[in-house]
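K.L.:
Sequence:
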Amino acid sequence: MLFILSRFRMWWNGFREYSFGKSLKFFFFVLVGYLMLSGLFFGFKRLLGYLATVPIIGQLLIIKLLSMVFLFAFVMIIISSLITAFSTMYFSKDLEMWMVSPFPTLKIFLYKAGETMVYSSWMILLAVLPFLLAYGAVNKLGIAFYVLLAFLLVPFMIIPSSLGIGVGLLLMSVCPRRKLRDGIIIVLVVGGSLVYITFRLMQPETLIQPDVFEQVLQYIAVLQTPTAAYLPSWWITSAVREATLGGWNDSLWYGILLCCAAAGSVGLLSIVARWFFYKGWTGVQEGVGKSRTSVVLPVISSRGSPLGSIIVKDVRSFMRDVNQWTQLLLLGALIVVYLFSIHKLPLDTLYLKSLVSFLNIGMVGFVLAAIALRFIFPAVSLEGKNYWILSSAPISPLTIMMVKFFYMFPLILVTGLILSLVSNLLLNADRFVQIMSFASVVLIAITLSGMGIGMGSAFPYFNVENIARIESSAGGIFFMICSFFYIGLVIAVMAVPMRMYVAGRIFAGSASVDYGIFFIAWGILLIISGMIFITSILYGARKLTAYE
Numbered sequence: 199m200l201f202i203l204s205r206f207r208m209w210w211n212g213f214r215e216y217s218f219g220k221s222l223k224f225f226f227f228v229l230v231g232y233l234m235l236s237g238l239f240f241g242f243k244r245l246l247g248y249l250a251t252v253p254i255i256g257q258l259l260i261i262k263l264l265s266m267v268f269l270f271a272f273v274m275i276i277i278s279s280l281i282t283a284f285s286t287m288y289f290s291k292d293l294e295m296w297m298v299s300p301f302p303t304l305k306i307f308l309y310k311a312g313e314t315m316v317y318s319s320w321m322i323l324l325a326v327l328p329f330l331l332a333y334g335a336v337n338k339l340g341i342a343f344y345v346l347l348a349f350l351l352v353p354f355m356i357i358p359s360s361l362g363i364g365v366g367l368l369l370m371s372v373c374p375r376r377k378l379r380d381g382i383i384i385v386l387v388v389g390g391s392l393v394y395i396t397f398r399l400m401q402p403e404t405l406i407q408p409d410v411f412e413q414v415l416q417y418i419a420v421l422q423t424p425t426a427a428y429l430p431s432w433w434i435t436s437a438v439r440e441a442t443l444g445g446w447n448d449s450l451w452y453g454i455l456l457c458c459a460a461a462g463s464v465g466l467l468s469i470v471a472r473w474f475f476y477k478g479w480t481g482v483q484e485g486v487g488k489s490r491t492s493v494v495l496p497v498i499s500s501r502g503s504p505l506g507s508i509i510v511k512d513v514r515s516f517m518r519d520v521n522q523w524t525q526l527l528l529l530g531a532l533i534v535v536y537l538f539s540i541h542k543l544p545l546d547t548l549y550l551k552s553l554v555s556f557l558n559i560g561m562v563g564f565v566l567a568a569i570a571l572r573f574i575f576p577a578v579s580l581e582g583k584n585y586w587i588l589s590s591a592p593i594s595p596l597t598i599m600m601v602k603f604f605y606m607f608p609l610i611l612v613t614g615l616i617l618s619l620v621s622n623l624l625l626n627a628d629r630f631v632q633i634m635s636f637a638s639v640v641l642i643a644i645t646l647s648g649m650g651i652g653m654g655s656a657f658p659y660f661n662v663e664n665i666a667r668i669e670s671s672a673g674g675i676f677f678m679i680c681s682f683f684y685i686g687l688v689i690a691v692m693a694v695p696m697r698m699y700v701a702g703r704i705f706a707g708s709a710s711v712d713y714g715i716f717f718i719a720w721g722i723l724l725i726i727s728g729m730i731f732i733t734s735i736l737y738g739a740r741k742l743t744a745y746e
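Each residue of the sequence shown is one higher than the one before, starting from 199 at the first, in our numbering.
No more than 25 angstroms apart at the CA atoms, straight line, and that leaves these computed lysine-lysine pairs for BS3-like: (1) Lys583 x Lys741; (2) Lys262 x Lys243; (3) Lys243 x Lys338; (4) Lys305 x Lys477.
Pair by pair, the computed Cβ-Cβ distance ranges are: (5) Cys680 x Gly465: 47 to 53 angstroms; (6) Leu368 x Ile633: 54 to 60 angstroms; (7) Thr733 x Met266: 43 to 49 angstroms.
Don't read these hints as lab results, they were simulated from the structure. Glycine included, C-beta positions come from ideal geometry on N, C-alpha and C.
Construct all of the structure, not just a fragment, from the sequences and the given hints.
P.N.:
Structure (structure tokens):
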């Protein structure tokens with residue numbers, strides 16, 4: 199009980215220290231999250247509403263989709279809890295205080311296990327919540343259904359979390375080193391990327407096209423087959439299905455089954471923890487690696503140029519941090535899936551090819567904005583508490599920013615060029631459209647990189663080592679909003695010469711270009727982009743200089 203009270207006291211103290219600005223940011227985040235979840239809810243409601251009208255197989259499709267959602271959540275919670283367990287149960291700073299306290303080790307473990315369960319599952323459950331609410335709205339279910347759903351989700355969350363934590367206990371007892379965690383992250387990222395690519399190449403959209411099968415009966419048989427019948431994901435699916443059909447007794451039976459499985463998993467986890475938790479924790483304390491400061495100091499004090507030293511230090515830090523460079527594997531998977539989706543578009547006319555090629559500028563821009571948020575925006579903040587070393591060196595903050603800009607900019611530029619050039623080749627787009635797309639992507643890459651490094655310097659978070667927290671900060675959200683507005687501006691300005699060219703090509707049969715309109719549009723874009731780039735860099739340098 200004391201553990202829970204201490205956690206609530208920490209939250210309450212943090213809430214009391216909220217200033218007006220922090221409160222405003224908090225409500226802004228809540229509003230943005232609400233709008234995003236509402237958009238997902240209405241999208242799922244429209245999809246499920248359409249499937250419900252399909253004769254014979256409509257409800258079967260919905261149940262099949264529901265089982266896939268629960269199976270996805272089950273697997274993701276296992277993976278998330280496995281990764282989170284390393285941080286909360288072995289590398290958490292407050293563990294040193296708890297482990298020397300008079301509390302039994304098992305109670306400390308259960309407290310940290312509960313913390314791990316919450317951290318690893320809340321976002322996944324929040325992601326599937328719009329789908330579940332849309333399911334209830336389409337089937338016109340009452341408040342009793344949502345109460346039952348809340349009751350079912352608790353044991354459903356506990357079971358996979360216990361599995362992930364248990365695997366983490368066994369692994370850390372065998373090899374209590376940070377490199378084990380890095381190796382597991384690499385395997386999970388590579389495996390997840392391959393699964394993502396394979397899933398997309400299988401074209402799951404054919405699931406709602408029964409004419410692909412030779413016989414409709416075969417299709418119905420596939421839909422009626424349980425999805426992993428012996429896993430808790432199918433138990434909760436069956437409980438929801440029975441509640442929808444009015445079979446509340448059967449639904450409660452599945453709920454009791456889930457609760458028994460959850461209690462059993464926690465009991466088994468406690469037994470495993472008695473044997474392996476303390477052993478793994480002491481092994482971690484004996485094998486703590488070097489801090490990031492040990493990476494910075496020798497490099498800064500080397501005889502090379504200061505700028506070269508910063509680049510060498512960034513490269514070393516990047517390659518040693520598995521959480522950073524493994525994102526490149528996910529980026530590669532994203533590129534493959536994106537290009538495959540472009541290749542599968544049914545485009546037969548010049549107008550459609552030109553339209554998609556032009557809209558592809560915006561899609562590539564959104565991808566580049568996400569990459570800039572992930573790699574460029576946190577570049578300065580990732581210096582952490584070691585930033586005082588750089589700030590005390592004879593290097594201006596503007597120089598530090600520009601070094602990090604040129605270090606990360608090639609990643610965004612190369613990604614944008616690959617997406618733009620290959621997608622245009624797959625579309626067999628017009629040469630003029632290809633040139634417009636190529637030039638626009640280069641301009642977007644430069645501007646977004648400048649915005650990312652500038653805003654990341656204006657809103658630094660040196661006390662946060664988790665990149666996800668830096669990305670989801672007020673500065674990160676502000677950067678994404680500005681990026682979306684800028685990309686929309688590029689599309690709006692370039693639409694004028696593009697529309698005139700395509701209209702002349704299709705209706706007048708002329709491929710001529712009105713270079714006056716073309717150069718005016720590009721002049722406007724260059725001026726606006728240059729102003730955004732310079733303003734972001736200078737503002738970030740000024741804020742970074744004044745930072746204490």
